[in-house]
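Chains A and B, in that order, are what the protein sequence lines are.
Using the numbering used here, the final residue of the first sequence is 515, and nothing's skipped along the way.
Using the numbering used here, the final residue of the second sequence is 205, and nothing's skipped along the way.
Think of the hints as simulated: they come from the structure by calculation, not from any bench.
All values reported here derive from a predicted model rather than from experimental measurement.
Heads up, some of the hints might be wrong.
To be verified - Label-pair ranges, simulated between beta-carbon atoms:
| no. | chain 1 | residue 1 | chain 2 | residue 2 | range |
| --- | --- | --- | --- | --- | --- |
| 1 | B | Q84 | A | G461 | 19 to 29 Å |
| 2 | A | T495 | B | G86 | 37 to 47 Å |
| 3 | B | R82 | A | S168 | 28 to 38 Å |
| 4 | A | G369 | B | I87 | 42 to 52 Å |
| 5 | B | G153 | A | N156 | 20 to 30 Å |
| 6 | A | P222 | B | R82 | 44 to 54 Å |
| 7 | A | D134 | B | K137 | 30 to 40 Å |
| 8 | A | G181 | B | I14 | 33 to 43 Å |
| 9 | A | L113 | B | Q84 | 58 to 68 Å |
| 10 | B | R82 | A | G181 | 27 to 37 Å |
Every residue, glycine too, gets a C-beta built ideally from N, C-alpha and C.
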Amino acid sequence: MNDQSYNLSRRSFLAKGSCGMMGIAPIINTLSQLQLVNSAAASTNGGGSVGTNYKALVCVFLRGGCDMNNVLIPIHLDASNTNTQAAGYAADRATIAINNGVNAPNETIPLTLPGNERFGLHPSLVNFANVFGDGDATFLTNVGTLAEPTNASNYNNVILPRQLYSHSDQTTEWMASVAEGPVTSGWGARAAELLNDTWNPNSEVSMLISAAGNAEILGGSPSVPQVSVTSTGAISLAGFSNNNSPYGQAINPQGNYRNNRPGRRLQALEEMMGYSREHILEEGYSTVVRRARENEALILEASSAAAGLGLDVDGIFSSFNANSNVADELKAVFRLIAGRECLGNTRQIFFVDYGSFDFHQDINLDMAGLLTDLDNALGAFNSALKQLASADVNFSHDMVTSFTGSDFNRTWTPNSDNPDTAGTDHAWGSHAIIMGGAVNGSQLYGTFPELALGGSSDIPGGARGRWIPTTSVDEFTAILANWFGVPPGSAEMTTILPNLDRFPNPFTTPDLAFL
Amino acid sequence: MNRILKAALFLVAIVAIVAFVIFVLSREPESPKSTEEIPSILSSGPFPNSDSTITTSLSDPLLKPYQPLTPAPDNTDPRLTRLQSGIVLYHPSLKTCRTLNQEEHPEDDLNMIEHLLSHYRLAFRENPVGINQEIVKQLQGDNPHNVVFLFPGEDMLSSDGELLDRWGSPYRFHAVTSTEMEIHSRGPDGELWTDDDLRIGGNHY
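Using the sequences and the accompanying hints, generate a full structural model.
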């Protein structure tokens, strides 16, 4: 018997909790029980509170620093279809280069782009190439952490991001969108802290949901804590989820308490958790347990909504061979988007991750597999959203925007001449993927770097090729936040992105009009 | 009344327990690390990262804890010598550098480099950043206080300014966090990613 056996439906939870209250609870507890019931009932009856006013951001973080130099590649198809940087790519990347038509027939997937741009995708990105071609995806090129506008000329005279090239620090800076000094909150959390009440007056579950454990981008909001879910839905309280746990046999498949000892124990426990406590610590404990069980019920209910719409979510993902961790996480996110009415949020930020892409060695051996997993997952997620738009009149494909981030890009040159073991090391400016119906796709944004050691994009004196970002994470984030509903120039935007005014106005920069 | 008294006693007990826990948690650890102090000359300016933890590698038998330092004006700190050029020599690092690449066991070389990095962290609360030659520059005084932590012998640096291992290959530095650095020697064969490589720190990312 799997965990599905214990899916306590929201209605059952409420019904049982209410019965327990009437049978056992003293009068002093009635108020709190009623509050619980009213709160949950509002959610259950809240269909339509989200309606067509819905937007979700999905952050797909590529852990370890993905080598985007081998994802978006300058190519040479023939004399009239060539990228002037294609030869440099083949020469400098040498043992780790994907054949781009210079020294061997092109193995990349050529993109159809405006003008004379000639780029190809890593051969693993078959599905993403289709998404890009359909206009549902783009790249923001050479984006990275910046404390202030930086280039090769002023490099030695500006504030640089703190601890460039350090995994943990650069990850934090990406997710906080603050590149200098310690920060205690992610930009998603700051947005939620400021605007959750405005965006989500009928919220039943946090607007910050991670399918990959605690996420820094979602962390730090005092009033909107992030909620973690698993690839199969809600995370059960310890002891509630499997047969060997104290309450593992407590609930039957219909969501009712079993008439056995675990069933009676769980029923009693949940009734006790509903009581008001005079002691603040006891009350706090009860609240945490109660909220966790509420979230579990809500998320399980939301996760099952897709089936009610006739969508075979597992089938969609299977058709893309999307069976990796990141695929499972995106599948969980998709289910929550399909069941958004249960959650009651008109704005939702999700987080998933994948990796490690930290290929200091064996990049030729290992990176293609990870990119295939990512490609299948993104392809399946985009397809599922399109199918949801067909099945749900209140949903449209342009309500969800996904974007990637990563610790950093990797060095232009490999660290070894041996193709069997070579890898790349930590670098800086990278390319971010943006995907969704609202994306102005099929073209590239930002300023593509000069791919040359000692070139205009390389840090001065650099020996390995580490591109100075031409677009800051702050600017990138500002476009996403604005699409999400944060007005340009507002006090909220300033709080969410405190260093944004150091950079050119992203909202009037054509190179950043990807949404 | 009795109930109120009980509640008051209970409250007092809770407060006492919380105060005790706070006291225990706030006590300085009684390890050699507690005796380390940042030389006063180095604390005159703002640190780039004020919340980082100072970490050192005191567990290695080669590395002895710093001696307690009595707060003193800059020019009387016995660990420091300020040259007229503005460069500040840090003597514990000088002592370490004298035997770099000369100990019996090659593994000790990596530990000594980590020790030098710990000196840097003592001053700046984080590691130097970048690739080999950039880290070398910062250890050689290209840092906010112009403190020199690395005094390489003639054969320890490449023409590109990279710190070399005893076999003449540049070390590879891999920053995991602001205070955690993997140090990687290519070993006797001079090739990365072979069985004779030597690595410490960073859980070998």
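Quiz item: Quick check: which numbered hints come out false for this structure?
Solution: Number 7 only.
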